[in-house]
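Q: Just so you know, the sequences run in chain order A and B. Under our numbering, residues 2 to 399 are what the first sequence spells out, in order. Under our numbering, residues 472 to 842 are what the second sequence spells out, in order.
Since the hints were derived computationally from the structure, they do not count as laboratory data. All C-beta atoms in this analysis are idealised placements derived from N, C-alpha and C, irrespective of residue type, glycine included. Some hints here could point you the wrong way.
[Claimed, not checked] Covered stretches of chain B (in silico footprint by chain A; criterion: 3 or more residues with CB under 8 Å from a CB of chain A, positions within the stretch not fixed):
1. 495-503
2. 592-601
3. 650-658
4. 702-710
5. 766-773
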Amino acid sequence: MIARYRALAAGFQAEWRHLCRHPSVFVVLLGVPLIYPLLISALYVGNQATERPALLVDDDGSAASRRLALALDATQEVRIAGRPSTREEAFDALRRGEVELVLWIPPDFSRHLARGETATVTAWADAANVYTYGLAYPGLAAAASSLGGDLAVEHFREKGLPAAAAAARAAPVVRDEHALFHPTASYGPFLVPGILLVVLQQLVLLSLGYSAGMQRDTGTWSLDPRFPFSGLEGRLLAHAGFHLGGAAAIAFAVFPAFGWPATSGPAVLALFAAFLVAMSPIAVLVANACPDRHAAFQLLMFASVPALMMSGFAWPRGAMPGYLAAVAAAIPTTHALSALRVLSMKSPSLAAVLPQLGAMAATFAGWLVVAVAFLHRPWRRAPTAGERPGPREPIAAG
Amino acid sequence: MGPFFRGLAGELVGLVRGRRLVLLLLLLGSAWASLEVYHRAVLHDLPVAMVDLDGSHLSRTVRLFVDATPEVRAIDTSLADAEEGLAAGRFAGVVVIPGGFSAAVKDARPAPVHVRLDMSNILTGRTAQKAIARAVGTVSAGASVAVLEKLGDRKEQRLGHAQPVRIDDRAVGNPALSYAVYLGPGLALSLLHVFVLILAGSIRLPPRPSGSAGETAGREAGVLVAALALGALLTYGFLAREGVAPASGPGLVGSTLALFLVADLALVRAAFALVPRPLAALQFVVILGVLSLPLSGLTFPRDAFPAALRAAAGLVPFTPFSHAFRIYLHHRAVLADLGPDLLKLGGQALGYTLVGAAALRLRRPRRPEVP
Numbered sequence: 002m003i004a005r006y007r008a009l010a011a012g013f014q015a016e017w018r019h020l021c022r023h024p025s026v027f028v029v030l031l032g033v034p035l036i037y038p039l040l041i042s043a044l045y046v047g048n049q050a051t052e053r054p055a056l057l058v059d060d061d062g063s064a065a066s067r068r069l070a071l072a073l074d075a076t077q078e079v080r081i082a083g084r085p086s087t088r089e090e091a092f093d094a095l096r097r098g099e100v101e102l103v104l105w106i107p108p109d110f111s112r113h114l115a116r117g118e119t120a121t122v123t124a125w126a127d128a129a130n131v132y133t134y135g136l137a138y139p140g141l142a143a144a145a146s147s148l149g150g151d152l153a154v155e156h157f158r159e160k161g162l163p164a165a166a167a168a169a170r171a172a173p174v175v176r177d178e179h180a181l182f183h184p185t186a187s188y189g190p191f192l193v194p195g196i197l198l199v200v201l202q203q204l205v206l207l208s209l210g211y212s213a214g215m216q217r218d219t220g221t222w223s224l225d226p227r228f229p230f231s232g233l234e235g236r237l238l239a240h241a242g243f244h245l246g247g248a249a250a251i252a253f254a255v256f257p258a259f260g261w262p263a264t265s266g267p268a269v270l271a272l273f274a275a276f277l278v279a280m281s282p283i284a285v286l287v288a289n290a291c292p293d294r295h296a297a298f299q300l301l302m303f304a305s306v307p308a309l310m311m312s313g314f315a316w317p318r319g320a321m322p323g324y325l326a327a328v329a330a331a332i333p334t335t336h337a338l339s340a341l342r343v344l345s346m347k348s349p350s351l352a353a354v355l356p357q358l359g360a361m362a363a364t365f366a367g368w369l370v371v372a373v374a375f376l377h378r379p380w381r382r383a384p385t386a387g388e389r390p391g392p393r394e395p396i397a398a399g
Numbered sequence: 472m473g474p475f476f477r478g479l480a481g482e483l484v485g486l487v488r489g490r491r492l493v494l495l496l497l498l499l500g501s502a503w504a505s506l507e508v509y510h511r512a513v514l515h516d517l518p519v520a521m522v523d524l525d526g527s528h529l530s531r532t533v534r535l536f537v538d539a540t541p542e543v544r545a546i547d548t549s550l551a552d553a554e555e556g557l558a559a560g561r562f563a564g565v566v567v568i569p570g571g572f573s574a575a576v577k578d579a580r581p582a583p584v585h586v587r588l589d590m591s592n593i594l595t596g597r598t599a600q601k602a603i604a605r606a607v608g609t610v611s612a613g614a615s616v617a618v619l620e621k622l623g624d625r626k627e628q629r630l631g632h633a634q635p636v637r638i639d640d641r642a643v644g645n646p647a648l649s650y651a652v653y654l655g656p657g658l659a660l661s662l663l664h665v666f667v668l669i670l671a672g673s674i675r676l677p678p679r680p681s682g683s684a685g686e687t688a689g690r691e692a693g694v695l696v697a698a699l700a701l702g703a704l705l706t707y708g709f710l711a712r713e714g715v716a717p718a719s720g721p722g723l724v725g726s727t728l729a730l731f732l733v734a735d736l737a738l739v740r741a742a743f744a745l746v747p748r749p750l751a752a753l754q755f756v757v758i759l760g761v762l763s764l765p766l767s768g769l770t771f772p773r774d775a776f777p778a779a780l781r782a783a784a785g786l787v788p789f790t791p792f793s794h795a796f797r798i799y800l801h802h803r804a805v806l807a808d809l810g811p812d813l814l815k816l817g818g819q820a821l822g823y824t825l826v827g828a829a830a831l832r833l834r835r836p837r838r839p840e841v842p
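Chain A on its own, in the form it takes in the complex (with noise of 0.2 Å):
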C-alpha cells in the first residue's frame, strides 16, 4: 500500500517538473477553460434570434390585409424586409436563404372576411432551422389570432352581446399558460451551461493525453511498472487543481458575467468538482493511450460532440434508440449534464440531483475498475528497467 502510494506521489512530482519545463502544457490547462467559455458565451449572449426576416406579397390590398401585415410586423419574433409584387420573387429568396417567412394573402382574403368565410393566408417558414422557424411561426400565428378574434368579438357585438360577453364568446377556453424554470425559453440560458460542461470534460481529457504524449515523444516518460494506475493518477493529481480552478471560473466568473443560470454558484462547482472526479479513470485511460503529444488533439477532438448529443441534454434520452441511452448512460458527462441542468434551472440543493450523483458514482465506480484492469493486466508488455520509450511516429507517418 505504501508503494502504492509512492507511486502516485511520483507521478505527481514527476508530472509537476515536467509541467514547469513545458510550459505549452499551461496552454491547455488555462486556454481551454477560459477561452473557450468565453467565445462560445459570446456567441450566444444574444439569448434569443429575434425579428426573423420575412416577406409580404398583399394580392388584397384591403384595410384587413394592412391591419394583419401590421400586427405581423409588431410582433418581436417577424419583421417584414420586403414587399415583392410576386411569390415567384418572394420563393426565390426564400429558397436562396435570405428570408424565412413568405406570407401570401391571396386576392379575396378581404371577401371571405366580408361573406363570414374564414380567409386562409399562406405562409411558407423556412423549416430547414426548426429553431428559427419555431420563433417566426408562433409570431405569424399570433398575428393571425389577433386579427381573426377582433373579427370575431366584432361578430357577436354585432349579434346583440355586450362587450365582455362577446368577448368571452370569441374565446371561451383560453389557456393561462406559465413557461415554469425558464420563463423566457431563451437559448443561451438553455444550451450554453451544458456545453461548458463539456468543455470541462475536454479539458480533463486533453491536458493529460496531450502532456503523457508529449513525453513519450521526448523521452521523459515514466511509470512505475508495478503501479501504472497510482501513477497516472498522481499525475492527474498535478492538473487537478488547474481542472478545478477551471471550473470554478466557469461556475463563479462565466455563469454571472454572461447570465446564465445558477441557483448556486456553490452548488453548481461541487457538481463541476465531481464530474473532475468521475472523469479520472478516463482521463487515466487516455493518457495512458496517447503515444504522442499530437495524439491527444487529433483523437479527442470527436468525442465532444457525440457526448453532448447523447446526454440527453437537449433531445431527450427516450426519443433516442435504447442502445445509444445505453452507451450515454456509461458516460459521466449524462449525468452530470441532467444535474447540471437541476441545478440551473430548477434548484440550489445538491440534495436534488443525489440519483445523477449517485449514477456519477457508478460511472466513477465502473471506469476505474476498467482503468485499473486494463493497466494492470497481465499480459501487458513487462517494461525493462529504466525504460524511455522513445519518440514516436505521429500520424503523418506512412
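Dock chain B against chain A, hints included.
A: Coordinates of chain B only, in the frame set by chain A:
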C-alpha cells in the same frame, strides 16, 4: 512515380492504417452516433399531466384533444402528483382544468385552462406548448361555433365567424419539422470538416518533414480525394438514411463540397505558415474546426451574434458551405442559387492561399548578398 503521386498514394493508403484509420473510424462513429440520436426525428408522446377538477363533458373534450395530439400523451393524475412530477422532470407540462370551467363557458365568463410548462428544456417545453395550444384552441373554436349556432348563424358561416383568419402553413425544406433534418447535416458535415483540418494539419507535423513541395501537394490531394469520398458517404449514405437526401443534383453537391474542401486545405496551409510552431498551428485549426458549427449559424442564427463574431464566422469555410448545403439539400438548386456562397468559398481559398504564401515568404531567411 513522381513525388506528387507518391504523396497522393501514400496518403490514401495511409488512411487505412494506424492512427489515420482510428481517426476515420472516429469520424464515422461520431457521425453515426450524432445522427442516430435524432433518428426518431420528431418528439412525440411527451407526458403531460392532466388534472380535471371540473369533470364535465367539455373538460373531458379538452383532455381528449390534448391526448389526441401526437406530440403529447395525457396522464390523468392529482394536483399534488402533477406539481411534484413537473419539478422532478417526469412531466413536460401540466394542464389543470379548474372546477366551474364548463359553467363559466356556458355563462360567457372567462374560463381559463391553467397550463404549466417545464421550459428548462425548450425543445420539449415548446413542443408541449404548441400541442396544448392547438388542442385548447380547437376546443375553444368548437365552443364558439356552438354558441353561434344558438345565435342563429347560418351553418356555412359559423366557422368563419368563430375563426375568421386561418393560416395555411407550408413548412419548406423540412415539412415534418424533423430534428434529424435540422441538425443532422450540420453535425455530420462539421465532423467531416474537423477530420479534414486534422488530416491536412497532420501532414505538416514533425518529426517527419512534409517532404518536397510536390509530395506535400500530393498528400493534400490525397486528403481532398478521401474527404470527397467521405463527404459523399455522409451525404448519400448517412444523411439519406435520416431522410435528408439532397434535392439537387450530384454535380452541384460534389462541386460545392470540393470547393469547401479546397478552402479548408488553404486555411490549414495559411495557419501553418502564420503560426511558427506546428503543434500550435494544429491546435489552432482543430479548435477552429470544433467552433465552426456554432459559428456557422446553422443552429443559432448569425444575425444574433455580436458583430465581431459574425464577421469572424464569415471567414471560416464551414459558414458559407453550411449556407450552401442547406440550399442544395432542401431545394432543387442551380448554380446561380449557390453563387454567393461559392464565391465566398473561392475567395477564402484564394485569400488563404495568398496569406499562406506571403507568410512563408516573410519567414524564409534572406539569401546573403554576394559581394
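Q: The structure should be examined with respect to each hint, and the outcome stated for every one.
A: Tested hints:
Residues of the region 495-503 of chain B lying with their CB closer than 8 Å to a CB of chain A number 4, which satisfies the three-residue condition for coverage. By the rule of at least three residues with a Cβ nearer than 8 Å to a Cβ of chain A, the coverage given for the region 592-601 of chain B holds, with 8 such residues. Against chain A, the region 650-658 of chain B contributes 4 residues with a C-beta closer than 8 Å to a partner C-beta. That satisfies the three-residue criterion, and the hint holds. Given as covered by chain A, the region 702-710 of chain B fails the check, having 0 residues with a CB less than 8 Å from a CB of that chain where 3 are the minimum.
Given as covered by chain A, the region 766-773 of chain B passes the check, having 5 residues with a CB less than 8 Å from a CB of that chain where 3 are the minimum.
Figure legend: structure checked against the earlier numbered hints; the only hint not met is number 4.
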